[in-house]
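Listed below are the residues making up each chain.
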Amino acid sequence: MSSFRTPLGKVRGLGSAKEGTEHFWKQRLTAASNLILVCIAMVLLAKIVGADYATVKRTLAKPQNAILLLLLILSGIIHMRLGMQSIIEDYVHSEGRKVIALMLNSFFTLVVGLTCVFAVLKLSFGG
Amino acid sequence: MAEATRVIERPLSPHISVYRVMINTVMSIVHRITGAALYFGTLLLAAWLVGAAMGERQFAMVNNLFGHPIGKLILFGYTWAIFQHMLGGLRHFLWDTGRGFQIWQVNLLSWLTIIGSISLTLATWAIGFSLRGGL
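These protein sequence lines are chains U and Y, in that order.
Position one of the first sequence corresponds to residue 1 (the numbering used here), numbered consecutively onward.
Position one of the second sequence corresponds to residue 1001 (the numbering used here), numbered consecutively onward.
Looking at chain Y on its own, in the form it has when it is part of the complex:
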């Protein structure tokens, strides 16, 4: 029991790093990264709701932070993360049914995910700005 564990350098089987990076590799990693980003991004929603609940002055403060160029950039990234994770999730729903595992299908779905998420993000912000009547 009390014996010190000896570290033996055993050979490891080839892992992720031996494979060429492909679009589905990137989309898989990005799905996890956006998931983690959205996890902490919930703080943005919390800040907005708490600001609104606290009163007019606090709400204006939160809105000012969100309206700052850096705040806008973060919100823009948050929007993209939502769409990217949402479309990535839809891909997983399809895979859950056992469909879409042919290489060409996987590649197509990966490209659709990234193109779709960027398009939806741009469309959302365009609609948002037009509703507000400008930047």
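For reference, chain U alone in the conformation it holds in the complex:
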């Protein structure tokens, strides 16, 4: 079968959306990191379940735990944003509403993510 695609287009392999497999790859990459980070975070949570405030604060302020949480938040919100983007693109067909929903998706994930990051940093450096 003859193809109408240009040789350059074939080599780039980005398709009509100009993003290639970027969405798919980032979804899988963050899925893998989420898997690892969530499992470690559950162990951390098990250590402080039912503990008093001072213990919780001291534990979360430890560098290894704070870094774990920061990585989890970062990995989590990227994965969340991509997943919700797929849902929106599947179900919201009106162009205007879709664009607004996609914007809200970006805003929501960033606000939640940065709020969590700020809280973790405050626990570590806030005294």
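Since the hints were made in silico from the structure, they are not lab data.
Only a predicted model underlies this, so the values are computations on that prediction, with no experimental measurement involved.
Incorrect hints may have been included.
Listed next, with one range per pair, are the computed distances between beta-carbon atoms [said to hold, decoys possible]:
| hint | chain 1 | residue 1 | chain 2 | residue 2 | range |
| --- | --- | --- | --- | --- | --- |
| 1 | Y | Arg1057 | U | Leu114 | 22 to 28 Å |
| 2 | Y | Gln1105 | U | Ala32 | 18 to 24 Å |
| 3 | Y | Ile1023 | U | Glu95 | 32 to 38 Å |
| 4 | U | Leu102 | Y | Lys1072 | 46 to 52 Å |
| 5 | U | Gly15 | Y | Thr1097 | 19 to 25 Å |
| 6 | U | Val92 | Y | Pro1011 | 41 to 47 Å |
| 7 | Y | Ser1130 | U | Glu95 | 51 to 57 Å |
| 8 | U | Ala51 | Y | Trp1111 | 24 to 30 Å |
| 9 | Y | Arg1099 | U | Lys122 | 34 to 40 Å |
All residues carry an ideal CB built from backbone N, CA and C; glycine is no exception.
Guided by the hints, dock chain Y onto chain U, whose structure is given.
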């Protein structure tokens, strides 16, 4: 350009509703639903972290909300959603390699996903309660 678009009732090809509901259908839909639930469930993590960062009183407030029966039920559901989505994701990783597409394999993986997620959720809460020394 300014012509009003006429809505023509065209016949549609058969879609999801013509197929019998099977376990992999349900697991596929549940994967998306749990994904969306976890999306908003992140607010629980945010509330907990912000409470901890704000101070002892605020942290106690968040813990009280989480400790309420309804709060516990939500957290229980959140735990299940995590495991269900995690195992569903592992299934997708396997499929990404081109394996596991035989009908019996798909069915087996679907059942393993739901049984695994429920078992892991119950185990996690059992461990959680035993660490705390009771309900």
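### Query
When you take the CB atoms of Ser1130 of chain Y and Glu95 of chain U, is the distance between them in 51 to 57 Å?
holds, 53 Å
### Query
So does Leu102 of chain U sit 46 to 52 Å from Lys1072 of chain Y, Cβ to Cβ?
At 34 Å between Cβs, range violated.
### Query
At the C-beta level, are Ile1023 of chain Y and Glu95 of chain U separated by a distance inside 32 to 38 Å?
holds, 36 Å
### Task
Starting from the range 18 to 24 Å, see whether the pair Gln1105 of chain Y and Ala32 of chain U falls in it by beta-carbon distance.
holds, 22 Å
### Task
Check the following: the C-beta atoms of Val92 of chain U and Pro1011 of chain Y are separated by a distance inside 41 to 47 Å.
Distance hint for Val92 of chain U, Pro1011 of chain Y is violated at roughly 24 Å.
### Task
Determine whether the Cβ-Cβ distance between Arg1099 of chain Y and Lys122 of chain U falls within the hinted range of 34 to 40 Å.
violated, 45 Å
### Task
Given the hint of 24 to 30 Å, check if Ala51 of chain U and Trp1111 of chain Y actually sit that far apart at their C-beta atoms.
violated, 37 Å
### Message
Assuming the hint says 22 to 28 Å, is it satisfied by the Cβ distance from Arg1057 of chain Y to Leu114 of chain U or not?
### Response
holds, 24 Å
#### Entry: Distance restraint hint 19 to 25 Å, applied to the beta-carbon atoms of Gly15 of chain U and Thr1097 of chain Y
Given range 19 to 25 Å: holds, Cβ gap about 22 Å.
Violation of the numbered hints given earlier is confined to hints 4, 6, 8, 9; the remaining hints are satisfied by the structure.
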